[in-house]
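*Asks:* Chains as they are written, first to last, in the numbering used here: chain A, 1 to 115; chain B, 1 to 109.
It is possible that some hints are incorrect.
[Unchecked claim] Partner residues are not named here, just some residues of chain B that face chain A (Cβ under 7 Å, in silico):
1. G100
2. T101
3. G102
4. K106
[As the list claims (entries may be wrong)] Here's a subset of chain A near chain B, in silico, CB distances under 8 Å, partners left out:
5. Q41
6. Y48
7. L61
8. F65
9. E68
10. A88
These are computed hints drawn from the structure, not numbers from a lab.
Please read these numbers as outputs of a predicted model, since none were measured by experiment.
Idealized CB from N, CA, C, for every residue including glycine.
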Amino acid sequence: DTGVSQDPRHKITKRGQNVTFRCDPISEHNRLYWYRQTLGQGPEFLTYFQNEAQLEKSRLLSDRFSAERPKGSFSTLEIQRTEQGDSAMYLCASSHGTGGRNEQYFGPGTRLTVT
Amino acid sequence: SQQGEEDPQALSIQEGENATMNCSYKTSINNLQWYRQNSGRGLVHLILIRSNEREKHSGRLRVTLDTSKKSSSLLITASRAADTASYFCSTGGGNKLTFGTGTQLKVEL
Numbered sequence: 001d002t003g004v005s006q007d008p009r010h011k012i013t014k015r016g017q018n019v020t021f022r023c024d025p026i027s028e029h030n031r032l033y034w035y036r037q038t039l040g041q042g043p044e045f046l047t048y049f050q051n052e053a054q055l056e057k058s059r060l061l062s063d064r065f066s067a068e069r070p071k072g073s074f075s076t077l078e079i080q081r082t083e084q085g086d087s088a089m090y091l092c093a094s095s096h097g098t099g100g101r102n103e104q105y106f107g108p109g110t111r112l113t114v115t
Numbered sequence: 001s002q003q004g005e006e007d008p009q010a011l012s013i014q015e016g017e018n019a020t021m022n023c024s025y026k027t028s029i030n031n032l033q034w035y036r037q038n039s040g041r042g043l044v045h046l047i048l049i050r051s052n053e054r055e056k057h058s059g060r061l062r063v064t065l066d067t068s069k070k071s072s073s074l075l076i077t078a079s080r081a082a083d084t085a086s087y088f089c090s091t092g093g094g095n096k097l098t099f100g101t102g103t104q105l106k107v108e109l
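For reference, chain A alone in the conformation it holds in the complex (with noise of 0.2 Å):
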């Protein structure tokens, strides 16, 4: 078990473009989270999957802002139209979710900075 994996680990881009980000779940775990954390703060929560299933979206995820877990295994989350204000680190997170064992582990992050 290598934990969770994320990439890239840093994006730079410039307003206006799109970028997409992975990640990588420990391989036993159901549930997939998204965060993203700016300077100073604690992180804030997206989305979650339940395997493939996206159960819940935080209203911090505007229509530009889309996240797919295809086959229940790995995710994508892509920014369309990136702006100043994405900028900051996007972490995601796995969890059992099931016996109780819902602790989430998470990755080491893709920090995006848009210019």
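Dock chain B against chain A, hints included.
*Replies:* Using the frame of chain A, we list chain B on its own:
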């Protein structure tokens, strides 16, 4: 999930000293979790305490929970420079986690 708020916002101690940080929350919980985040990196799960537990230990960490006061504390004993990080508490955990702004701990040599 219900938001946890950490206190103090910042804490600076000498290596070898103990560090205590507190968390308050507003509504009833099933469990409370503490996480650590080193500068600019992902969060590491430290410990989970269930609502029917009052104290839990893990290595140099000791967590207490007082559901009547809706508060929890995290004690790090014999601190090390490597403990320098931000510490967050969060309640819930079945679905989304909600975090406060954290306690920034600095352990100086």
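*Asks:* Which hints from the list above does the structure break, by number from lowest to highest?
*Replies:* 4, 7, 8, 9 and 10
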